[in-house]
Amino acid sequence: MHIDSVPDRATLVEMYRKMTLIKQNDEQARKVIMNGRLPMIYYSPRGQEVIPSAVSVNLTTDDYICTIYRGTHDMLAKGVPLDELWAELAGRATGTCKGKGGPMHITHPASGCMLTTGIVGSSMPIANGLALASQVKGDGRVTVAYFGDGASNIGAFHEALNMAAVWKLPVVFVCQNNRYGEHTRYEKTTAARQIADRAVGYQMPGVRVDGNDPLAMHAAARTAIERARAGEGPTLIEAMTFRFHGHVFGDMDPYMDKDEKSAAMAADPVPRYRAWLIEQGHASEAELADMERGLGQQIAQAIEKALAAPWPDVSELHKDVLAA
Amino acid sequence: MSVQVCLPKIGFSMSEGNLSEWLVADGATVAEGQALYALESDKSVQDVESPAAGTIKIIAAAGTSYPVGAVLAEIS
Amino acid sequence: MTSEAKNMNTVVALNTALAEAMELDSGVIVFGEDVADPEDGGVAYVTKGLSTRFGDARVRSTPISEQAIAGAAIGAAMAGMRPVAEIMMMNFSTVAMDMLFNHAAKLRFMSGGQTRVPITIRMATGTGLSTAGQHADYLEAWFAHAAGLKVVTYANPADAYGLLLSCIFDDDPCIFIENFLSYGQSGPAPVPGQRVPIGVAAVTRPGRDVTVVTYGPQVAPALKVAEKLAGEGVQVEVIDLRTISPWDKQTVLASVARTGRAVISHEAVRAFGVGAEIAATLQEELWGTLKAPVRRVGAPSCPVPYSRPLELAFAPGEAQVEAAIRATLG
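Protein chains in written order, with my numbering: chain A, 1 to 324; chain F, 1 to 76; chain S, 1 to 330.
Only chain A is shown next, with the shape it has when bound in the complex:
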């Protein structure tokens, strides 16, 4: 794809900050689970850091995202704070959702993270609704719906894309194609040469991009977000990527092609981008090492704080079911 211009230095470094935050958060998450300190169902986003990092630098705090259970990267890139995120993962009263939603339902309206859903495909119809409100109100907000390749086969995908196109909603559909829907390969389940092809059926632009290439992902996201904000309607972005740690953490992914997996891990986009930033003179080793250290500490502190935080009171069962 043709990339008109490289983003400015601040944006380039910010993308790396988000990526390394996600990567380190994942590493610490897997460690705290394996140590038995936090029994949690965890869908690792490791390997998919670039996509939301590149999308998010094109969004404002007011813009909305809807994501799914493999969404920690999307949430962190959008700005969900570490302390409240970890407290929610740990089921504590100080979590984003007072411990009542957990990892699959992280919600943080202040950063625009309006929905995390545990149901494949359900981010899209609801993203349409957020976009519909923006359209009626004329507030200029854009909504990003994140979902996986598996979700492109569910009915809600087709209903949502069709409606978004017909109504020209300010929504961007970002499909993170990591080539596996749960344990089953894309080729076995999807009757589309590529998911981006499905956009033609809904008369919207369909863009396939290397989701692990920060510049390409940034350019694709920027075009789609600007298009939505200008009232020109939705875009389907198919961002190619790979997940390093199975469907759900603990899954040893015996169903994966070993060579494909090791090649993907060898091409880890985060250290690759780091090296590129330094080589191109956009950042120094010291600056990035310092940033990484700081983020690592913040994550570690957030985890300890979460594990020491109080549990929600049993009376919470009866709160927030209906309005007071």
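Worth double-checking, as some hints may not be accurate.
As the list claims (entries may be wrong) - DSS-like cross-link-like pairs, simulated, lysine-lysine; straight-line CA separation at most 27 Å: (1) S:LYS249 / A:LYS319; (2) A:LYS261 / F:LYS43; (3) F:LYS43 / A:LYS137; (4) S:LYS48 / A:LYS168; (5) A:LYS188 / A:LYS31; (6) F:LYS43 / A:LYS188; (7) S:LYS6 / S:LYS48; (8) A:LYS188 / A:LYS305; (9) A:LYS258 / F:LYS57; (10) S:LYS48 / A:LYS137; (11) A:LYS31 / A:LYS261; (12) A:LYS319 / A:LYS305; (13) S:LYS249 / S:LYS224; (14) A:LYS168 / F:LYS43.
Honestly, the hints are just simulated from the structure, not real lab data.
Given chain A, put chains F and S in place with the hints provided.
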């Protein structure tokens, strides 16, 4: 200050796992990240790494199933 | 009530409520299949005139996409609007069950109170038009079983108007159930602007001997039976729940505590229906006071049949309600 080694949840529906074998001896000096024991769930067998460096005091028995969260050893 | 009391048709009552809500609050938006005026203003004309008056940004005919319709309502509500989405017939809500059960009902709780879903989903159903098994089911028990949803239905035009207004301005997701045959019926017009509170039943006819708890299309037969039995000296109290969930336990319990006898009547299938929940509550709370076992009237456990005599036999009516009342009188 000792660090507890607890049985992790490594599967969606996992509620217990089998500590199939210890990979270190009781009283051994272990490094952070060193493989301590083999954990068998219904889906896989994995080596579980040490969360800390120090001397390990083994509490749980090999060949036994424990619930998720059970304290298997302490490192100090 | 004088002979000059003004009557209003149910469709007009619903239409009036929608127009008033849209006038009151620019956040009220209406969408569903065929609801806009170029498409005739709704399959039963409930939304007629709205798109002409309020524009096609706020009133939209949608694709046939119940998941997308429900999802759009949920998302728009989360962003601060008050969407009134129509699912043309209650049976079609099954296509949107994920949106309604996994999302609308649960998002307030799962978000710890951070996001709200103040949607109204209108859906119509009911027997009597030979529409058969997939176009006539009453599914209110399914919705009532989902913590986080409110379920409402009317038995007359004034309540249709008042309940719809209440649902639209309620901060929780409301399932507003309409009845096909009710569209052709008229009744006393509502007092303009008068909302019917959610969760409050109406004692439509007071009586001292037996309580009939009912809602929707079963209210009229209950009243007819009550009139008939009054001639035999039996006073039947008829309570129209109006809100199925959360139901007005206080009014119902107070009534049955006085009468000692209860019949619950609904058009929905009897087995595992709303009547079962109410009957269980009555025997838990009023065991020593009840003079007879609580009776339930509902449809048999089969899909709504097509053939006219079968459909008429399927829907409970005066005969079944009368038999149930007599059974409590022993």
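Now for the hints, and whether the structure bears them out:
1. For the suggested pair LYS249 of chain S and LYS319 of chain A, the alpha carbons sit about 20 Å apart, so the restraint of at most 27 Å is met.
2. Distance restraint check for LYS261 of chain A and LYS43 of chain F: the Cα-Cα separation of roughly 19 Å lies within the 27 Å cut-off, and the hinted pair is therefore satisfied.
3. Between the alpha carbons of LYS43 of chain F and LYS137 of chain A the distance comes to roughly 50 Å, so the proposed pair goes past 27 Å and is violated.
4. Under the criterion of a C-alpha separation no larger than 27 Å, the hint pairing LYS48 of chain S with LYS168 of chain A is consistent with the structure, at around 25 Å.
5. Annotation: proposed proximity of LYS188 of chain A to LYS31 of chain A is violated, straight-line Cα distance about 33 Å (limit 27 Å).
6. Among the hinted pairs, LYS43 of chain F with LYS188 of chain A is consistent with the structure: their alpha-carbon atoms are about 23 Å apart, no more than 27 Å.
7. Our distance criterion of 27 Å between C-alpha atoms is met by LYS6 of chain S and LYS48 of chain S, whose separation comes to about 22 Å.
8. Under the criterion of a C-alpha separation no larger than 27 Å, the hint pairing LYS188 of chain A with LYS305 of chain A is inconsistent with the structure, at around 44 Å.
9. Our distance criterion of 27 Å between C-alpha atoms is broken by LYS258 of chain A and LYS57 of chain F, whose separation comes to about 37 Å.
10. Straight-line distance between C-alpha atoms of LYS48 of chain S and LYS137 of chain A comes to about 23 Å, which keeps the hinted pair within the 27 Å bound.
11. Between LYS31 of chain A and LYS261 of chain A the CA atoms are separated by roughly 21 Å; this keeps the pair inside 27 Å, and the hint holds.
12. The straight-line distance between the Cα atoms of LYS319 of chain A and LYS305 of chain A is roughly 25 Å, inside the 27 Å bound, and the hint therefore holds.
13. Annotation: proposed proximity of LYS249 of chain S to LYS224 of chain S holds, straight-line Cα distance about 24 Å (limit 27 Å).
14. A threshold of 27 Å between alpha carbons decides the hint, and for LYS168 of chain A with LYS43 of chain F the separation of about 46 Å lies outside it, so the pair is violated.
Checked against the numbered hints above, the structure violates hints 3, 5, 8, 9, 14; every other hint is satisfied.
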